[in-house]
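**Student:** Sequence:
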Amino acid sequence: MNTFLLAAVLTLPAAAAEHPLEPLDAAEMQTAVDILRAAGKLAEGVKFPSLALNEPPKAEVLAWKPGAPFRREALAVLYDRGTSKTYEAVVDLKAGKVASFKGLSGVQPGVLLSEFEELPKVVAADPRWVKALGRRDLKDMSQIAVDIWAYGTPPKDGPAKRLLRAVAYYKGSGKNFYARPIEGLSAILDADARKVLEVLDTEVYPLPPTVSELSAAALGPQRPALKPLVISQPEGASFTVQGNEVRWDRWRFRYSMHPREGLVIHQVSYEDAGGPRSVLYRGSLSEMMVPYGHPDGQWTWRAAFDEGEYGIGRYSAGLKVGADVPDNAALYDAVFADDFGTPTAAKGVVAVYERDGGMLWKHYDMYHGGQYVRRGRELVIGFITTISNYDYGMKWVFRQDGVLALEADLTGIMLAKGVHEAKESQHGSHSDEAGHAHLVAPYVAAPHHQHFFSFRLDLDVDGADANRVWQLDADRIPAGPKNPSFNAFTMSESLIASEKGAARDLSFANQRKWKVTGPRVNSLGGQSGYILIPGENAPTYLQEGSPLLTRGGFVKHPVWFTRYAEGEMFAAGPYPNQRATPDGLPVWQKADRSLDGTDVVLWHNVCVTHAPRPEEWPVMPAHRTGFSLIPAGFFDRNPALDLPGGE
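As numbered in the numbering used here, residues 1 to 647 make up the sequence shown, in order.
Derived by calculation from the structure, the hints in this document are not laboratory data.
Listed below are the simulated DSS-like cross-link pairs for lysine-lysine, each with C-alpha atoms no more than 27 Å apart in a straight line: (1) Lys47 - Lys161; (2) Lys97 - Lys65; (3) Lys320 - Lys227; (4) Lys58 - Lys97; (5) Lys175 - Lys121; (6) Lys131 - Lys175; (7) Lys102 - Lys41; (8) Lys121 - Lys161; (9) Lys102 - Lys590; (10) Lys500 - Lys58; (11) Lys500 - Lys556; (12) Lys195 - Lys156; (13) Lys41 - Lys97; (14) Lys156 - Lys556.
What follows is a list of derived Cβ distance ranges for each label pair: (15) Ser232 - Gly40: 57 to 63 Å; (16) Thr210 - Asp190: 31 to 37 Å; (17) Gln233 - Pro295: 49 to 55 Å; (18) Thr240 - Ser100: 34 to 40 Å; (19) Ser100 - Leu62: 20 to 26 Å; (20) Gly501 - Phe340: 43 to 49 Å.
In this text the structure is predicted, and so the values were computed from the model without any measurement.
All residues carry an ideal CB built from backbone N, CA and C; glycine is no exception.
With the sequences and hints as input, model every part of the structure.
**Tutor:** Structure representation (structure tokens):
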């Protein structure tokens, strides 16, 4: 997957962190690298797949008081190309020493920035590759784009050798080479040895003739512009950002940008009459998986774990006010480390803004003529990441009625496959490949695929120690004495007491939801809680026996619950790249830990099943999806009753 490399190297002075969850700044990153080098841990060729804050244990963060000291550590994932070994190092920044250093067996970290840059040259120089392109009458190597991918389907020898794949596109004179795949050609590389192991040259397909550029000049005449829509806040924004803490209306939370997870929100609380009440300790995207449904051998391995294999934070894009985000958005920078541990600036990658929330509540008194209404406002914090052809936007939305929502936007360029057809051969716009793809342009089809977004939601409803999990099901009451008019139904709540059986499925028939409750009792005698309103979903179409399902087992169910445990952060485990055995949620749940009156974590998959359309080519209109967390008994009554105005 081609991408850009971060380039703005930072040499900033250190600013002492004021909170345990503030992300590392540039000086702290450089200090961590210097400590590792002084300790002899950075041999020639060692790279940094990841360098970020080693978040303190949750108990320490919850017990910490402003002004008190706290630990400050960096967590570095290191890869030694010379020995093909992976290491995890914890660096104590205050003590100036390496606190721990351990080698990891049987794992491969995600694809490195330098591999994206260097390996296409290795592929282009291989005689077998050149010969395969010659079969297609392609002689000029400068016109060929080589796209690097993680290996995908686990190799027979597992992660012992660092393997990557390469596919080809025709650049021609344009920039959007994703519209012109060179089908039937790929390569397997030994990334450490910098050599091509195998060139897979199968069927020759026509080269798509259409150049699908996305610039305004290339797209042709533009429609007349609409009249200006102005967002005005003459008194400024209603939110404040201090360090990494955001305060708005009755909400307060912290945020960070992680090189793997992207935008993370921390310690979300709602200011009630008695003070702030905790809702969510940490909310993050724990993994993405995009399996493709085409049986062609050039496609069966394609199932990008965009987070675990690439990292969605380090590929976050600078945002454009008035385009990516509204005119009233405030932009904030992040700092990531490159492959060498050098701090690099990611400018304007986080946006915070207010937006109109529509009608929040209303009643018109038809008998007396009174009208009572309040218009809502919402706070949004979000970012956009680009993983090769696809672009993903993620936004956390805070509402004045206590609702916390996640919105995801899917856009960019669909992954294209070269085909023999220039036009549809049958109704339904399927190509002639047994319905595994849709024709989107002459000789270009987009294979069916699914996007799984696995969100890790560490809900701390009124505290972390006494949460319980409930499944809510609506059911008809059988006709009879208790339902003589055939209309009665119930909403039952069943306790999920332990991890065994805590992987759950949706039910349209039962309008199924899940609730996490805390120890607090409201004025009506009910427990405070938050309900998950699930997002767009579908079952996985991977079948048992698929190696992709083995390492991506979290997609088997849309909802999982686990007991909180340090280190359990990623739904597919910490190192899914080339993994041949299960890890993550299916493995952790086997412990069957109690979920009754303890600290619980909710994991929710949002799944978009994508059957491509011509209207999504050459660039896809943003497809919006997401989920909501809504208060249920958390408040005594509608918390938005105190909004001013509207009568």
